[in-house]
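Heads up: the sequence lines are chains A and B, in that order. The first sequence lines up with residues 1 to 328 when you count with full-length UniProt numbering. The second sequence lines up with residues 1 to 330 when you count with full-length UniProt numbering.
Hints in this document: simulated from the structure, not taken from any laboratory. Any given hint could turn out to be false.
To be verified - Label pairs and their calculated CB-CB ranges: (1) B:305 x A:167: 31 to 41 Å; (2) B:254 x A:100: 53 to 63 Å; (3) B:135 x A:168: 23 to 33 Å; (4) B:246 x A:49: 57 to 67 Å; (5) A:251 x B:268: 51 to 61 Å; (6) A:317 x B:303: 14 to 24 Å; (7) B:188 x A:150: 22 to 32 Å; (8) B:199 x A:116: 45 to 55 Å; (9) B:276 x A:100: 27 to 37 Å; (10) B:67 x A:177: 46 to 56 Å; (11) A:177 x B:321: 55 to 65 Å; (12) A:100 x B:135: 37 to 47 Å.
What the hints assert, rightly or not - Now the stretches of chain B that chain A is said to cover, found in silico as 3 or more residues with beta-carbon under 8 Å: (13) 68-75; (14) 85-92; (15) 100-109; (16) 164-177.
Stated by the list, open to error - Coverage of chain A stretches by chain B, computed from C-beta distances (three or more under 8 Å per stretch; other residues unrestricted): (17) 46-60; (18) 145-158.
The C-beta atom is built at its ideal place from N, Cα and C for all residues, glycine as well.
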Amino acid sequence: MSLATDRLQPSATSFDGLKTFIRSNSVWLLALALAVFFSLQSAFFLTPFNISNVLTQCVFVGLLAIGMTPVVISGNIDLSVGAVVGLTACIVVALQPYGLGVAVLAALAAGVLVGLVNGLIVEKMGISSFIVTLAMMSGIRGLTFLAIGDISLSSTDDRLNAFAMLAIGPISIVVVLFAGLAAVVGFVLRFTPHGRNTFAIGGNRSAAVDAGIAVSRHVIANFALCGLMAAICGIAMAANLGAAAPSFGRDYELLAITAVVLGGTRLQGGKGGVTGTLGAVLALAILRNGLNLLRVSPFYIPVIVGVVLIIALVLDRQVNGQAMRHGE
Amino acid sequence: MSFKTLIASAAIGLALIGNAVAAPPDWFPKESKKPFEEIVVGFANLGPSLNGYAAAYFKAFNEYAAELGVKPIMTDAALDPARQADQVRDLIAQQVDVMIVWPVNGKAIVPAARQVAQAGIPLIISNSMIDESGMEAMTSYTGPDDYAEAQEAGKIMAAALNGKGNIVLLNGTPGYRMAQLRYDGFMEVISKYPDIKVLDSQPADMSQAKGQTLMENFITRFGKQIDGVYSVDSGVGFGALTAARAAIQEGTLEAGKIKFVDATMYGFVWDLIKTGEYYGSVYQSPEEDARLALRSALKLAAGEKLKQFEYLETPGVTKANVDTISRPNF
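One chain only, chain A, in its complex shape:
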C-alpha cells in the first residue's frame, strides 16, 4: 500500500528533502507569500482583529473542504454539501423549540443520512458520484425551500449564537473546533487503515478490489463523513449568523472543491491530504480579506481568485507533474 505514502517516506538527501517539502507544502508557501504581501500593503492586515477575521472566514468553506478531501481522494466528488448546509442550518434553527440538543443532533443526523444515501447510490448502483450528488444537491435544496419557504428563520435559543461568539483571545471557538476536526480527519487519513485504503481505492480501484479491500464500505464512510462535516458547517453558520434560510450555503460546494484542488488533492483520486486543503483554505481567505483591505473593486475579486487558482495549478503541474506521472 505505498500508493500515497511518498510524502511520509524519509528522503534520501537533504536536497530531495527540500524538494519534497516544497512539493507538499507549496500552497502553504503561497499563503505565507500572500500574508507577507498584504501585511506590507495594508496596516490593518496584521491587527489582532483582522487575524481573527481571516481565521473565522476560513471556517465555513474549510469544514466543507476538509470533509470533501477524503471523498475526492477515494476518486469521487460531493456536490451536495452546499445544499446540506442550507438544510442543516434550517433544521438546527427550526427544531429549537424541541430543545437545542435535539436540534443539533437532528441536523448532524440529517447530514450523515444524506452522505450515506449518496454513498449507497454511488456504490450499489454504480452511478457516477458527480451525477448522484448533483441530483442530491438540487433535491435537497428544493425540499428545504418546500419545507421552510423563501424566508429566513430567527434563532430563538440564544445559546447557539452565544457559543459561536465565544473566543479564546482573538481566536474564535469556532476556529478551535474547526482546527480540531481538521486534525482528526487528517489523522484518520494518514494513520488508520481506513485512510490508507481510501488512498488505495482512489489510486487504483481494481487493484484495491483485488487486494481484498472492502471498497464500498470505505467509499460510503467517506461520503457519510463529508455529510457530517457539511452538517457541522450548517450548524456553525446558523450559530454565527443567529438565523437560517434555505438559501444558505449556495455555491459553497464550488468554493470547497476549489480549496481541495488548490491544496494539491488530485481530482481523479489517490493523492492529496488535509494539510494541503487547510493551506488552500487559508490562502483563499487571506486573498479575499486582503483584496477587501486594499479596496479592490468587488467585481475584480472573483476574477483574481480564479486567476490565482489557475496559476497555482499550472505551477503545481510544473513542480509535481513529473513526479505524478512517475507515480502512476
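Based on these hints, arrange chain B on the given structure of chain A.
For chain B alone, coordinates are given in the frame of chain A:
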C-alpha cells in the same frame, strides 16, 4: 498693486483652487469631527445582481461618490449572508468612519451589526430593514417607507373609485415586515371609506405567477363585482392584470372597469399607466435611495445627529403625473 498684495492674492487664489477640489457640499456640517476629504465610508452591499433596482442603486451610488470626491470601500456579498457578515468584519478591521449595510438577510446580519456598534462605528442600514432584534445596533435607516408607500396607494385607490366599490388585495409574503407594512398602510386609508369593501385578501408573496393565479380565482368567485385590485408591487399587479386581460377577452369582465393599483412601480407598469390600462402606483427612486444613503453616512461621520428613520420621498403616480416621473429602469 504692490508685489506683496500680488503674492497674497495669488496665495489666496491657490488656496481657493485647492479648496475647490475637495470642497464639502453645502449640506455637510460646518463643524465636522473629521475633514470631509478624510472620511472613509464602508459599504457592505448585497450585490447588484439582485434585480434592476439594485443595479440602478449601485450605479447611482458610485456616480454620486465620484461627484462628491469620496472613495467608499465597497464589498459585494453576492447575496450570501455569511459572506456579508465576513465583509462587515473586514470593514470594521479597516476602522471605517461610518458603515452602510444593505442586508442580504435582515435576521442574519444582526450579530455582525452588533459588532459594528461595539466597535463604535455609526451604522446605516439602507433600503431593507434589519430585523427588530438588531435595531439597537443601527444608527439610522435610510430608504423607502413601506407604510407611507402603501398609504399613498390607498389614496390613489380611493380616488380611482370615488370612495365606493369592491376591491381585492394581493399581499406580500406573510411574516415579512415589509409585507405587513404595505398591507397596514393601505388599509389605514381604505378603512376611512365605509363604501369601499374588501372582498378578499390573499398572499401573492412577491410572485407575478402567483398574482396571476390568485386573480384568476378572484375573477371566478367575484366576477364583475371587482372594481379595484391592490397589489404589493408591480410584479404581482402585472400578474393580476394578465389574468384580467384574459377574462376581458372571454367576455367575463368589462374592459377598463377594474382599477389596478400597487405600492412600488416597475418600468413596465409605468408604460401601462401611460396608456391608461393600469391606474396607478408609487414611485421609489433607486438613484435617490443611493444618494440618501451616502449623504446620511457622511453626515453621521461628521457627528451630525440623524433621525432613526430617514425616509425616501415616494410620490404616487397616475396618468395625470406619469410624464413628470422618469421611467424606472427595473
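Range hint 31 to 41 Å (beta carbons of residue 305 of chain B and residue 167 of chain A) holds or violated: holds, 33 Å
Within 55 to 65 Å: is that where the Cβ-Cβ distance between residue 177 of chain A and residue 321 of chain B falls? holds, 59 Å
Starting from the hint 14 to 24 Å, judge whether the C-beta atoms of residue 317 of chain A and residue 303 of chain B obey it. violated, 56 Å
How does the Cβ-Cβ distance of residue 188 of chain B and residue 150 of chain A compare with 22 to 32 Å: does it lie in that range? The hinted range 22 to 32 Å holds for residue 188 of chain B and residue 150 of chain A, with Cβ atoms some 27 Å apart.
Given a hint of 27 to 37 Å, does the C-beta separation of residue 276 of chain B and residue 100 of chain A actually sit inside it? violated, 58 Å
Coverage of the stretch 100-109 of chain B by chain A (three or more Cβ within 8 Å): This one holds; 5 residues, not fewer than the three required, reach chain A with a Cβ under 8 Å.
Are 3 or more residues of the stretch 145-158 of chain A near chain B, judged by a Cβ distance of less than 8 Å? holds (count 6)
Has the hinted range 53 to 63 Å been met by the Cβ atoms of residue 254 of chain B and residue 100 of chain A? Cβ of residue 254 of chain B to Cβ of residue 100 of chain A: about 59 Å, so the range 53 to 63 Å holds.
Using the C-beta atoms of residue 246 of chain B and residue 49 of chain A, is the stated range 57 to 67 Å upheld? holds, 59 Å
Should the hint that residue 135 of chain B and residue 168 of chain A are 23 to 33 Å apart at their CB atoms be regarded as holding? Taking Cβ atoms as reference, residue 135 of chain B and residue 168 of chain A lie about 31 Å apart, which means the hint holds.
Residues of the stretch 85-92 of chain B with Cβ under 8 Å from chain A, three needed, outcome: It holds, with 7 qualifying residues against the three required.
When you take the CB atoms of residue 251 of chain A and residue 268 of chain B, is the distance between them in 51 to 61 Å? Violated - the Cβ-Cβ distance for residue 251 of chain A and residue 268 of chain B, about 30 Å, lies outside 51 to 61 Å.
Hint compliance for this structure: hints 5, 6, 9 and 12 are broken, all remaining hints hold.
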